[in-house]
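Keeping the supplied structure of chain L fixed, place chain R upon it in accordance with the hints.
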Amino acid sequence: MENVIEISGLKKSFNGMPILRNINLTVKKGENVVILGKSGEGKSVTIKCISGLLLQDEGTLRVFGEEVKDLDRIALKKLRRRIGFLFQSSALYDSMTVRQNLAFPLKRVAEIKDKAEIERLSREVLESVGLTDAIDKMPSELSGGMRKRMGLARTLVVKPEIMLYDEPTTGLDTITSKEISNLILDMQRKYETSSVIITHDIPCARITADRVLIMSNGEYIAEGTCDELENSPDAFIRSFFK
Amino acid sequence: MSSKTALHSALLNIANQTLFFKSFVRNTWKKGFEWQEFSHQSYIIGYRSIGIIALTGFILGFVLTIQSEPTMKQFGAVGFIPGMVSVSVIREIGPVIVALICAGKISSSIGAELGSMNVTEQIDAMTVSGANPMQYLVVTRIISCIIMIPLLTIFADVIAMFGGFAATLLEGQMSAWLYFSKATAVLEFADIIPSFIKTILFGFAIGFIGCYKGFNSNRGTESVGLAANSAVVTASVWIIVIDAIVVQITNTFVYS
Numbered sequence: 001m002e003n004v005i006e007i008s009g010l011k012k013s014f015n016g017m018p019i020l021r022n023i024n025l026t027v028k029k030g031e032n033v034v035i036l037g038k039s040g041e042g043k044s045v046t047i048k049c050i051s052g053l054l055l056q057d058e059g060t061l062r063v064f065g066e067e068v069k070d071l072d073r074i075a076l077k078k079l080r081r082r083i084g085f086l087f088q089s090s091a092l093y094d095s096m097t098v099r100q101n102l103a104f105p106l107k108r109v110a111e112i113k114d115k116a117e118i119e120r121l122s123r124e125v126l127e128s129v130g131l132t133d134a135i136d137k138m139p140s141e142l143s144g145g146m147r148k149r150m151g152l153a154r155t156l157v158v159k160p161e162i163m164l165y166d167e168p169t170t171g172l173d174t175i176t177s178k179e180i181s182n183l184i185l186d187m188q189r190k191y192e193t194s195s196v197i198i199t200h201d202i203p204c205a206r207i208t209a210d211r212v213l214i215m216s217n218g219e220y221i222a223e224g225t226c227d228e229l230e231n232s233p234d235a236f237i238r239s240f241f242k
Numbered sequence: 001m002s003s004k005t006a007l008h009s010a011l012l013n014i015a016n017q018t019l020f021f022k023s024f025v026r027n028t029w030k031k032g033f034e035w036q037e038f039s040h041q042s043y044i045i046g047y048r049s050i051g052i053i054a055l056t057g058f059i060l061g062f063v064l065t066i067q068s069e070p071t072m073k074q075f076g077a078v079g080f081i082p083g084m085v086s087v088s089v090i091r092e093i094g095p096v097i098v099a100l101i102c103a104g105k106i107s108s109s110i111g112a113e114l115g116s117m118n119v120t121e122q123i124d125a126m127t128v129s130g131a132n133p134m135q136y137l138v139v140t141r142i143i144s145c146i147i148m149i150p151l152l153t154i155f156a157d158v159i160a161m162f163g164g165f166a167a168t169l170l171e172g173q174m175s176a177w178l179y180f181s182k183a184t185a186v187l188e189f190a191d192i193i194p195s196f197i198k199t200i201l202f203g204f205a206i207g208f209i210g211c212y213k214g215f216n217s218n219r220g221t222e223s224v225g226l227a228a229n230s231a232v233v234t235a236s237v238w239i240i241v242i243d244a245i246v247v248q249i250t251n252t253f254v255y256s
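Just so you know, the protein sequences line up as chains L and R, in that order. The first sequence begins at 1 in our numbering and counts up by one. The second sequence begins at 1 in our numbering and counts up by one.
Just chain R, same shape as in the assembly:
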């Protein structure tokens, strides 16, 4: 592909995503929000991800504690481990890991589902019957992601603290009360709020990319796989980029 064609293709892609975003915003505020489909999607995106998020969160806290313990011991700073785990999990590791897992699980599933509906003309069938597929399929999924990903992240953060506590139990050094007191004492709103805002943006990226890739897939069966794959890759890249931008903004305006 020549550089001119690649540039044209990239610009076209940006234009299409902008139009898709505009359509999403317009349809979000339109009368007739699909509450039933929204709650169904929230169940799928949120409730059905609890298992994997709980496991990941627990191992995250557990491993972080075990890995940092020898070094902290050298400096006689074992007592700081709970605070270190809670700050690093809540500020950075929790949101990013949960978002990357959800990009793999949710964005790909949305991409494949809508891609398959596109191939089998179900989206055309909705359009031609006078229903609004953008409102029914896209708005409900993106809003569910925007709400569920932050909730899953909070859940993962809490479980990670339990994971960290479980790791300290191996050494038998700290009581539960002391561990959780130390873990929460160091936390400030400046740690929690930017991180929470970040998870909302991650949720939007996961839902938006999944829907965009699925909705705009080609008509062949091969395109379903491509839509799912492309949704994971693109959503993961978006998550990393959003994280970098939000961290930079937070460092400039909150921590400095």
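This is chain L alone, in the form it adopts within the complex:
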């Protein structure tokens, strides 16, 4: 199966402080990769590099075979149309209603001008995440779980091929976390996306992951399925699953 993301020897520092020391990662088409690690290890920095929000200092980072740091503005914009990013805070535009939040990427990213088509696609994606009734609400009227669902809907509405999730279940109760994790898996199957999921939530990793990577000191120190890593001889790796 083809690789959609290929990262090799990735390094990134902030103010002289190395955050990513040597990241090597490949994600295959249709695969869900979960990255586990302590806070401040550079997990979010990795996916921000993948989306082109940050540029690496050293190493290669190819998405769909294209080196991200070599892309000009137009090429980067085209690439970003194929990548969805669910932010930790959901990043809903709070001056817009749910309908306008969905119309925003449809008009600008998918470049759909027909209002009826925008409405149809918006309702379709809202139905997928179970939020049809919220179409005229403002983000401030949504609960934490609904905001995550809405963030997911806004990202999926333009049908990206790669999904990047930055701690999708943070701040949610156990039941809602499980709902969101199952929703991520359902959406991955429905839209056939490849995903990189950053999380601290082990139940979320168990539900969503095809493969888990554990990050420590700016590099990946272990890789495998949840079961393999849980039974690792290394106590540090096992500690993530306790």
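Treat the hints as calculated values from the structure; they're not laboratory data. Zero decoy hints are in this set.
Here are the simulated lysine-lysine pairs, BS3-like style, with alpha carbons at most 25 Å apart: (1) R:Lys31 with L:Lys77; (2) R:Lys31 with L:Lys113; (3) L:Lys77 with R:Lys30; (4) L:Lys77 with L:Lys11; (5) L:Lys29 with L:Lys77; (6) R:Lys30 with L:Lys69; (7) R:Lys31 with L:Lys115; (8) L:Lys78 with L:Lys190; (9) L:Lys190 with L:Lys159; (10) L:Lys178 with L:Lys190; (11) L:Lys28 with L:Lys78; (12) L:Lys159 with L:Lys28; (13) R:Lys22 with L:Lys77; (14) L:Lys28 with L:Lys77; (15) L:Lys78 with R:Lys31; (16) L:Lys107 with L:Lys77; (17) L:Lys190 with L:Lys29; (18) L:Lys107 with R:Lys30; (19) L:Lys11 with L:Lys48; (20) L:Lys78 with R:Lys30; (21) L:Lys113 with R:Lys30; (22) L:Lys78 with R:Lys22; (23) L:Lys28 with L:Lys11; (24) L:Lys107 with L:Lys48; (25) L:Lys115 with L:Lys137; (26) R:Lys22 with L:Lys69; (27) L:Lys107 with R:Lys31; (28) L:Lys137 with L:Lys159.
Relative to chain L, chain R alone:
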């Protein structure tokens, strides 16, 4: 902070503002101007400021007339009050007062709004989804300010004249026709045009500083307040400095 660090920080700030300005100019002429957001911002910046600007303008003209009346009376020059009020309001007081009020109301609101969007990753979300936050958020707000601040100033100037007339009514000295004839008779293009140009620069300063501070705020929630506060202070300083420069240029090339 050592003087070397302070100098480095100041130079870095100037460089960042220059790059931000360059990006604003490039994105202004780029295809796909956000007309809907521009009209929404013009509504917020212009229409929603009408109340406070009307009140300020009226009191400005009213107070200026009342304050100057005793002195003018001593010289038997009460008839000059309408002209004096209109010239001083249109040339200097109107544009500066309106701009300072808008720095407090608009620049801070833009700084806080964009700062909050930065903190909650909304700007990153726009970028990563292939939209252009500079074009959507910054260009629309700055252009709205450039257009709305001059219009608000003209409105305030007109209301100030009504304020001045209302003050003369207290003494019952002048008819409306006489007051407005005297107020407008002394005005020349040399009073109006430089003042109008000045308000365009004030509008740019208010929008640019608000957007720059908000767009470049740090990621903590505290930075939202700091961005709003810093936007007001910096925009106010810019207004005073621009005013001083424009007055000097006008005196040199227009009035001399």
